Amino acid sequence: MAQQQSMFDKYGGFSVVSKIVLDLYERLLDDDDLGPFFDDVEFARIVDHQTKFVSSVMGGPASYTDVQIQKLHSHLPISDAHFDKLAVMLTQVLQDHGVEDEDAQEVVGAFAQRRGLVVND
Amino acid sequence: MSIEAINEQLLRAIGVGVALLDTSELKFRFFNDTFKEWFAEIETGQQLRDVFPDIDTAEVTRALQETGQFTSEASFRIRRRTMTIAMTINPALEGNQKVAVLVCQNISRIKELESMIDSYSMMVERNTREIKREKEQVEKLLLNMMPRSVYEEYKTFGVVTPRTYENVAVLCLDFSGFSATVEQQDAGVIVSELNDIYTAFDRIGDQFGCERIKTVGDLYITVAGMPDPSDRSIQSVSDAAVRFVRYLENRNKSHPVDWNCRIGLAAGSVIGSVVGVQKYIYDVFGPAVADAMRLREEAGAMEIVAAANFAERFGEAHETEAAGSGALADGTAVDIVRVLSGNGSLSH
Numbered sequence: 000m001a002q003q004q005s006m007f008d009k010y011g012g013f014s015v016v017s018k019i020v021l022d023l024y025e026r027l028l029d030d031d032d033l034g035p036f037f038d039d040v041e042f043a044r045i046v047d048h049q050t051k052f053v054s055s056v057m058g059g060p061a062s063y064t065d066v067q068i069q070k071l072h073s074h075l076p077i078s079d080a081h082f083d084k085l086a087v088m089l090t091q092v093l094q095d096h097g098v099e100d101e102d103a104q105e106v107v108g109a110f111a112q113r114r115g116l117v118v119n120d
Numbered sequence: 000m001s002i003e004a005i006n007e008q009l010l011r012a013i014g015v016g017v018a019l020l021d022t023s024e025l026k027f028r029f030f031n032d033t034f035k036e037w038f039a040e041i042e043t044g045q046q047l048r049d050v051f052p053d054i055d056t057a058e059v060t061r062a063l064q065e066t067g068q069f070t071s072e073a074s075f076r077i078r079r080r081t082m083t084i085a086m087t088i089n090p091a092l093e094g095n096q097k098v099a100v101l102v103c104q105n106i107s108r109i110k111e112l113e114s115m116i117d118s119y120s121m122m123v124e125r126n127t128r129e130i131k132r133e134k135e136q137v138e139k140l141l142l143n144m145m146p147r148s149v150y151e152e153y154k155t156f157g158v159v160t161p162r163t164y165e166n167v168a169v170l171c172l173d174f175s176g177f178s179a180t181v182e183q184q185d186a187g188v189i190v191s192e193l194n195d196i197y198t199a200f201d202r203i204g205d206q207f208g209c210e211r212i213k214t215v216g217d218l219y220i221t222v223a224g225m226p227d228p229s230d231r232s233i234q235s236v237s238d239a240a241v242r243f244v245r246y247l248e249n250r251n252k253s254h255p256v257d258w259n260c261r262i263g264l265a266a267g268s269v270i271g272s273v274v275g276v277q278k279y280i281y282d283v284f285g286p287a288v289a290d291a292m293r294l295r296e297e298a299g300a301m302e303i304v305a306a307a308n309f310a311e312r313f314g315e316a317h318e319t320e321a322a323g324s325g326a327l328a329d330g331t332a333v334d335i336v337r338v339l340s341g342n343g344s345l346s347h
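Residue numbers (numbering that gives the first Met the number 0), protein chains in the order written: chain S, 0 to 120; chain Y, 0 to 347.
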C-alpha cells in the first residue's frame, strides 16, 4: 500500500485526481455498455462513487471496504466483459492524464483484484 | 454580412442558452442553437412550463413586474447526466412589444465539482479522524514508556538528552519463587496476573508520586523525585512499598496464585535517558538503581529492605527493624533494616 499511497501524491494529489475522476465519469456515461448502469443514479452519487473509486485505486484516502464494494454492486448484472471494458477505459484515462504505464498497470491491477466482488452475471 | 446577421450568428453559436419569451403568455419566440441542443424537443410557441415543468410561471410574471428579473436553477437529465442550468429572465422591448430574454448558463460542471469536493472532504475528514485516533494511541503507548516531560522533549526535538537526576528514590521489586510459579502456571495466567498486579502497582505508585520506569519479567522498578525533583521522594517510595506489600497480602487471600514480593529501596543519583534507536525505551540507571537492586536481594518474601540511613530519612512514617548488615552495589558495607508494612501509619 505504501507505494500506492505515494502514487496519489506523486501525480499531484486531489487536484490531478479530480480531473481523472471527471474524465472517467464523462467516458463512463458516454459508453453504451457501461453508461446504462448509471441511468437511474443521481449524479451526486455517481461523482461520489467515482471520487472514492479513483482515489482508492490510486492509494489515496478511500472509504470502501470489500464488503461494501460487494454490496454496492450486488444488484447490478455486471459481466466480465463490462469489467474488462472499464479496465481498458481506466487505463486509457490514466495514460491520458500523464500517469506512467507502469503506475497505470499497478492501478488497474489493484482494480482487477476486485473483479470477484463486482462481477456477478 | 450585416451587423445584424453577425449578431444573430453569434447569438446562435454562443455556449450560453438564450431564448426570447413573449412576456404576456411566457411563450418561446426564439431560442439559439445551444438552447435547442439542451432541449431537443423545443419548438417556438411552446410555453415556458412545457420546458421547465417545475417553474412557477406566476412567480416569473410577478418577479418580472416587481423586480425586473427572475432567477432560478433547473436540473434535468440528458444522456444519463444531470444537467443543471442557472437561468435569468430579464424584460426587454422588441419594437413596441414586451418580450423577456431568458439566459441559461450550464453550471453542471460546477455542481459536479462541488459534489466531488464534498465526497473528497468527507473522506479526508474521516482519515484525519483515524489519524488522530492513531496518534492518540501512539501517544498513550509512549507515555507508558516514558514520563510526560520526557515525552514532550522527545516529541519536540526527536531526541531526549540523557540527564543526571540527584536525590532520586528507587524501588526495585521482584517475586520470590517466580521461576517456580512460571513453571507451574499457564503462560496466559502468568501474564494476566502480572498485568493485573503491575496495573495496581502503577496506580498505587501514582498516588504517592512514583513513576514506574520499567518492568522486566518479574522485576518492577519505580522511582520518585524525577524528572521533577521532590523533597519527599524517599517517603514516596517507602509509602508505595508498604502499600505494594499490603495489596499483595490482600490479593493473595482471594486469588489462587500466591505472589510474594521482595523490595529493595535506595536513594541517590540516577541517569535517565531514552535508550535505543528503533526499539527505544526510557531507562534509568546509576548508583541508586544498583543499590535498590542489590538490597532487594537481601529481602525475604514480602519484605522491604533499605539501608539504615535511608530509613532515617523517612522518620517515623514506618516502623523498621534491624536486619543486620549488608552491602551496597559497590561493596560498601551498610546496616540494613526491614521496613514493616503491618501497623505503620502512612505519612501520606
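Hints are computed from structural coordinates only; laboratory data are not their basis.
All values derive from a computational prediction rather than experimental measurement.
It cannot be assumed that every hint is accurate.
Derived DSS-like pairs (lysine-lysine); straight-line CA-CA distance at most 27 angstroms [said to hold, decoys possible]:
id	chain 1	residue 1	chain 2	residue 2
1	Y	Lys110	S	Lys18
2	Y	Lys154	Y	Lys139
3	Y	Lys131	Y	Lys154
4	Y	Lys134	S	Lys9
5	Y	Lys131	Y	Lys35
6	Y	Lys139	Y	Lys26
7	S	Lys9	Y	Lys131
8	Y	Lys26	Y	Lys97
9	Y	Lys134	Y	Lys213
Selected chain Y positions facing chain S (Cβ under 10 angstroms, derived; list incomplete) [claimed, not checked]:
id	residue
10	Gln104
11	Ser107
12	Glu111
13	Met115
14	Ser118
15	Tyr119
16	Arg125
In this text, a Cβ means the ideal position worked out from N, Cα and C, and glycines have one as well.
Hint check results:
Pair hint Y/Lys110 plus S/Lys18 holds up; C-alpha atoms about 14 angstroms apart against a cutoff of 27 angstroms. Between Y/Lys154 and Y/Lys139 the CA atoms are separated by roughly 13 angstroms; this keeps the pair inside 27 angstroms, and the hint holds. Proximity of Y/Lys131 to Y/Lys154 is assessed by CA-CA distance (about 15 angstroms); at most 27 angstroms being required, the pair is judged to hold. Among the hinted pairs, Y/Lys134 with S/Lys9 is consistent with the structure: their alpha-carbon atoms are about 25 angstroms apart, no more than 27 angstroms.
Between Y/Lys131 and Y/Lys35 the alpha-carbon distance is near 53 angstroms, which puts this suggested pair outside the 27 angstroms criterion. Simply put, Y/Lys139 and Y/Lys26 have alpha-carbon atoms about 71 angstroms apart, too far for the 27 angstroms limit, and the pair is violated. About 24 angstroms separates the Cα atoms of S/Lys9 and Y/Lys131, which keeps this hinted pair within 27 angstroms; it holds. Distance restraint check for Y/Lys26 and Y/Lys97: the Cα-Cα separation of roughly 12 angstroms lies within the 27 angstroms cut-off, and the hinted pair is therefore satisfied.
Taken as a hint, the Y/Lys134 and Y/Lys213 pair is honoured in the structure, with Cα atoms around 23 angstroms apart against an allowance of 27 angstroms. Given hint, Y/Gln104 at the interface with chain S, is violated; its Cβ is 17 angstroms from that chain's nearest Cβ, farther than 10 angstroms. Because the beta carbon of Y/Ser107 sits about 8 angstroms from the nearest beta carbon in chain S, less than 10 angstroms, this interface hint is met. Interface hint at Y/Glu111: satisfied, since its Cβ lies 5 angstroms from the closest Cβ of chain S, which is below the 10 angstroms cut-off.
For Y/Met115, the interface hint holds, the least distance from its beta-carbon to any beta-carbon of chain S being 5 angstroms, beneath 10 angstroms. Against a cut-off of 10 angstroms between C-beta atoms, the interface hint on Y/Ser118 holds, since the closest Cβ of chain S lies about 4 angstroms away. The beta carbon of Y/Tyr119 is positioned within 10 angstroms of a beta carbon in chain S (closest approach about 5 angstroms), and the interface hint is therefore held. Because the beta carbon of Y/Arg125 sits about 6 angstroms from the nearest beta carbon in chain S, less than 10 angstroms, this interface hint is met.
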